[in-house]
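Participant: Starting from the given sequences, assemble the full structure and let the hints guide the process.
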Amino acid sequence: MRRRQAIVLLALVGLLLALYLSLYKLGLIGTLQCGTGSCEYVQTSRYAEVLGMPVAFYGVVGYAVLFVVGMAGVQPRLVTDRRVTVLLAALSSLGLAFTLYLTYIELFVLHAVCRWCVVSAVIIAAIWALSMWGVRRTD
Amino acid sequence: MKGFHTMLVAVAVVGGGALWYATQRKPAPASTRTPERGAPPSVAAADGFRGFTVGSDSAAVEVVEYSDFECPFCASFATVQMPVIHEQLIAKGKVRWRYRDFPLPTHAYSRYAALAAHCAGEQGKFWEMHDQLFFRHDWAQTGKNPRSLFRDFAKGIGLDLDRYDACMDSQRYAGRIQASVEEGDRLGVNGTPTFFVNGRRFGGHPTSDAFTALVDSLTRQRKSKP
Numbered sequence: 110m111r112r113r114q115a116i117v118l119l120a121l122v123g124l125l126l127a128l129y130l131s132l133y134k135l136g137l138i139g140t141l142q143c144g145t146g147s148c149e150y151v152q153t154s155r156y157a158e159v160l161g162m163p164v165a166f167y168g169v170v171g172y173a174v175l176f177v178v179g180m181a182g183v184q185p186r187l188v189t190d191r192r193v194t195v196l197l198a199a200l201s202s203l204g205l206a207f208t209l210y211l212t213y214i215e216l217f218v219l220h221a222v223c224r225w226c227v228v229s230a231v232i233i234a235a236i237w238a239l240s241m242w243g244v245r246r247t248d
Numbered sequence: 006m007k008g009f010h011t012m013l014v015a016v017a018v019v020g021g022g023a024l025w026y027a028t029q030r031k032p033a034p035a036s037t038r039t040p041e042r043g044a045p046p047s048v049a050a051a052d053g054f055r056g057f058t059v060g061s062d063s064a065a066v067e068v069v070e071y072s073d074f075e076c077p078f079c080a081s082f083a084t085v086q087m088p089v090i091h092e093q094l095i096a097k098g099k100v101r102w103r104y105r106d107f108p109l110p111t112h113a114y115s116r117y118a119a120l121a122a123h124c125a126g127e128q129g130k131f132w133e134m135h136d137q138l139f140f141r142h143d144w145a146q147t148g149k150n151p152r153s154l155f156r157d158f159a160k161g162i163g164l165d166l167d168r169y170d171a172c173m174d175s176q177r178y179a180g181r182i183q184a185s186v187e188e189g190d191r192l193g194v195n196g197t198p199t200f201f202v203n204g205r206r207f208g209g210h211p212t213s214d215a216f217t218a219l220v221d222s223l224t225r226q227r228k229s230k231p
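Protein chains in written order, with the working numbering: chain A, 110 to 248; chain B, 6 to 231.
There's no promise every hint is true.
[What the hints assert, rightly or not] Cβ-Cβ distance ranges computed for the label pairs, FRET-style:
id : chain 1 : residue 1 : chain 2 : residue 2 : range
1  : B       : Asp190    : A       : Tyr156    : 17 to 23 angstroms
2  : B       : Lys97     : A       : Thr212    : 37 to 43 angstroms
3  : A       : Ala234    : B       : Val14     : 23 to 29 angstroms
4  : B       : Lys97     : A       : Ala238    : 52 to 58 angstroms
5  : A       : Ala235    : B       : His210    : 29 to 35 angstroms
6  : B       : His210    : A       : Val228    : 27 to 33 angstroms
Hints in this document: simulated from the structure, not taken from any laboratory.
Note that CB positions come from ideal geometry on N, CA and C, so glycine has one too.
Facilitator: In structure tokens, the structure reads:
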């Protein structure tokens, strides 16, 4: 229960972050608040799009799905349902794999790191760890 | 459970508020201001302008670069790769380089920078301004209105400042820049920098070595044709 609540909260933070980056891609935010990071360098590179869609949009969809599944999972009716646990683990594994690919691009192709992307990577890694912990538990 | 819902609502409200605030504080660049009444008319998009070029008109290879002055990737290319390309390909008459504007909508001052370059070009100093904008790229990181800095660049490269100011205030070349963007859109440009070598999109990693290899290959092919 606590784990799923934590997943829901993390997914909400990730969703807000992905929305922020999506608004930037849509031109609704002038510049990214990034300190000395390379957010705009990364966000305007050719790798910031996958199959013609900005990467941030995938983040919005991914975190929204995790949020909805997590919210369903904390409802009394489904709180012990193992299918939710497995679904959360599968979705977060997919998200983590995508994040690892993007982090590889940042570090070894662009040689630049977008701080917001790092925050998102930490969030999805935490969600993945929590969901895998849930899978391993047998009680 | 109640504490969880309270925290959920708190995160949503704080995060939503921050997003709303971010959309409200979008800076309004000078280039988007309506020209003053009585200002000289802007140059029409249909004036047939095809971009500023450097290199021999008889070069066998033409590279068209779609670029954005605020894009860090473009700045990196202009400052690291371009000097080598200039020395090895352009100065030797192998390549003619054509610069086309593709200011990304996500950048606050890209169009303003492009206007500054065109206004310098009006006085025959496009490439000098191009270099100032890319080599002194700190302006793109600060988010501050670069109007006075660009004017300093103009002064530094020896432009007539009265003519430069008149050109900038009237957004004289906004039409050309928009035409270039529309041309890029038609060609499928979706990021910067994007290159076309003799009309074909360059898909590799844009380094001076890659361009040298491609240009040499194209030149050999041309020579071997009867």
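Participant: State the violated hints by number, sorted upward, taking the hints as numbered earlier in the document.
Facilitator: Violated hints: none at all, because every hint is consistent with the structure.
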